[in-house]
Amino acid sequence: MQGYILKRVLIAIVTMFVVLTVVFFVFRMGAADPVSIMLPPDATPKDAQKLTKKFGLDKPLIVQYGNFLKNAIRGDFGASFRYSEPALTVLFSRFPASLELGLVAFLMALSIGLSIGIISAVKPDSFIDRFGRVFALGGMSVPSFWAGVMLILFFGVTLRWLPIAGRGSLLNFIMPAFCLSLFPIALLTRLSRSAMLDALKSDYVVMARIKGVPEIRVILIHAFKNASISVVTVIFGIFQAMILGSVVIENIFSWPGIGRLVLTSFFFRDYPVVQVYVLFVTFLVVMFYLLLDIVYAYIDPRIRYQ
Amino acid sequence: MKDKQLDTENEELLVLKDVKTSFFTKKGVVRAVDGVNFTISKGEVVGLVGESGCGKSITSLSIMRLVPQPAGKIVSGEILFKNEDLLKKSEDEMRRIRGDRISMILQDPMVSMNQLLKVGYQLGEPYRYHHKVSGSLREMCIGLLKKVKVPAPESRVNDYPFQFSGGMCQRALIAMGIANGPDLLIADEPTTALDVTIQAQILKLMKDIQRESRSSIILITHDLATVAQICSRLLVMYGGRIIEKAPVKTFYKKPAHPYSVGLIKSVPVLGRPSGRLYSIDGQPPSLLDPPSGCRFAPRCTQAKKPCFEIYPPETILEEGHKVSCWLY
Ligand SMILES: Nc1ncnc2c1ncn2[C@@H]1O[C@H](COP(=O)(O)OP(=O)(O)OP(=O)(O)O)[C@@H](O)[C@H]1O
Ligand code: SF4
Ligand SMILES: [Mg+2]
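First to last, the sequence lines map onto chains P and S. Just so we're aligned, residue 7 is where the first sequence starts under this note's numbering, counting upward by one. Just so we're aligned, residue 3 is where the second sequence starts under this note's numbering, counting upward by one.
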């Protein structure tokens, strides 16, 4: 088990290193010259030289890369052009808003998706099952931005029940969280339903019933534990997608999270912020996969004892 | 008719009366169990044999009231266990009987175990859900593993099923089956999925356990040799029905039903130079919308006209030997 975790951690570190390298070269080579962007239109060539020197852009690429890595390890990703603050600080100041919305949406998706999925599998063709199937179909085919706009028009503009923008009260959560969780609920409903149907058909479940295990325990201990193996990957994917902040939803509802930050930074060509966003997102993704592998090992002893 | 002079040893434990279980599928109704009658007495070991797909497993799952859902349904009949109709019991009453008074071992030991739960946990379940339990069942589980001769039970109890071999899984499942000393144990092909050498060991274990516990056992198998070793009586199933019932000795000496005769001929006999193993020609019958006549008619060399039209009634040949065939 320890060897297993150590291996995963090493893989995570190597992945992060590769990502840093790729991000460095893409931003240095793909993006426009940062100096010309930062300078005011009336700047002299001398100003440009000074700035180039300040950012170390006059040095060979390989040296720049070395400096980049060194700074990255220290957590220094340069200053935002727009806020004259470290890019990471800017990002972190917005992250709580994304995290908050993401967590609410995630918990909604998890509780609603899993319960509909499990109940549908236990009672196929029941009302819940039919409702779940219609909802899943809708949730997977309706784009979230469209759902968002419709909700704003109906509950925000026509009925004036819910605030249409910003963060603050509990009411502000309802629409963005619902839009954000629409697709995940649909996905989880379908996946947990089919995984549970498979599990409930299996011999070990019949065996548990033969032993006289009460049905609720058959469902939650014997069947769900097995079904969760195929659901857990998706749960992680959803969790990750949600707390990383949704660019679309945050912009529709003017939610001050990192999804909104990255879009405005992009328009303002605030590259350090965009770059730190990309790195942060990949860092979280890598962490999630690490965590996922550990959770797998926890659920499935076959992995643990390899 | 019920025989009033039966002594206690011969007391009826389980009586199936015209039990019908069907699967309602898109293609039509699969009559997996199509009017099955038989009786199991207390302490008796009865073999249930027949080709693959003839309805043996579904018969036993019907007794457990665990027919695969949602397609499967027990359509009619009575299943009297200790004179009470199981088909009239509530789901909760059934749960209390399962694993306590009636237990069953499924066909494939490896997939009958939950791979994510410790063997010890799974072993403890039958006891836990039929008794008031405070504290650990570890000692009891170790005892059970000892009983079924799993080596090093103290450490094995903490293993997961994938750390067990097929034979050990089967032993553990047998241990779960006998945990509460059931009145009836149904063993669905307990040896089929195992190696030949392991088969013999498991069979011996079953024999030992039966001698000790005096539970009634229904042993389902393809294999007549197995039946000869531990059963006293035999039920032959074909196409969803029981076609012949006989004490094992009688059956070997004079099988009555043409299908049974074929079965006996197909058993390889030690010492007899087996040139070509006899096998019954033709396909096993489909249980999807079966015809009204004898199910064996399309394969029977002695079939006559009525055979194809009317199902033959049960004829008593002698005490305990009954057959459903128009030849008798
Ligand atoms: N879930 C199901 N849906 C539809 N038909 C089924 C289902 N389960 C079993 N059957 C049908 O019921 C019939 C009896 O099956 P059963 O499992 O009892 O056979 P069996 O005698 O135990 O065979 P085997 O020796 O292969 O285990 C088969 O013809 C099978 O096609
Ligand atoms: S009833 Fe007819 S077809 Fe059926 S086994 Fe007897 S002789 Fe053959
Ligand atoms: Mg079977």
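Check before you lean on any hint, since a few could be wrong.
Stated by the list, open to error - Lysine-lysine pairs mimicking BS3-like chemistry, simulated, CA-CA at most 25 angstroms apart:
1. S:324 / S:267
2. P:207 / S:324
3. S:324 / P:129
4. S:29 / P:231
5. P:129 / S:29
Derived by calculation from the structure, the hints in this document are not laboratory data. None of these values were measured; they are calculated from a predicted model.
Against the structure, the hints:
1. Of the pairs offered as hints, the one joining residue 324 of chain S and residue 267 of chain S holds, with about 20 angstroms between alpha carbons and a cut-off of 25 angstroms not exceeded.
2. Distance check on the hinted pair: residue 207 of chain P and residue 324 of chain S sit about 37 angstroms apart at the alpha-carbon level, beyond 25 angstroms; violated.
3. Taken as a hint, the residue 324 of chain S and residue 129 of chain P pair is broken in the structure, with Cα atoms around 43 angstroms apart against an allowance of 25 angstroms.
4. Between the alpha carbons of residue 29 of chain S and residue 231 of chain P the distance comes to roughly 33 angstroms, so the proposed pair goes past 25 angstroms and is violated.
5. Among the hinted pairs, residue 129 of chain P with residue 29 of chain S is consistent with the structure: their alpha-carbon atoms are about 23 angstroms apart, no more than 25 angstroms.
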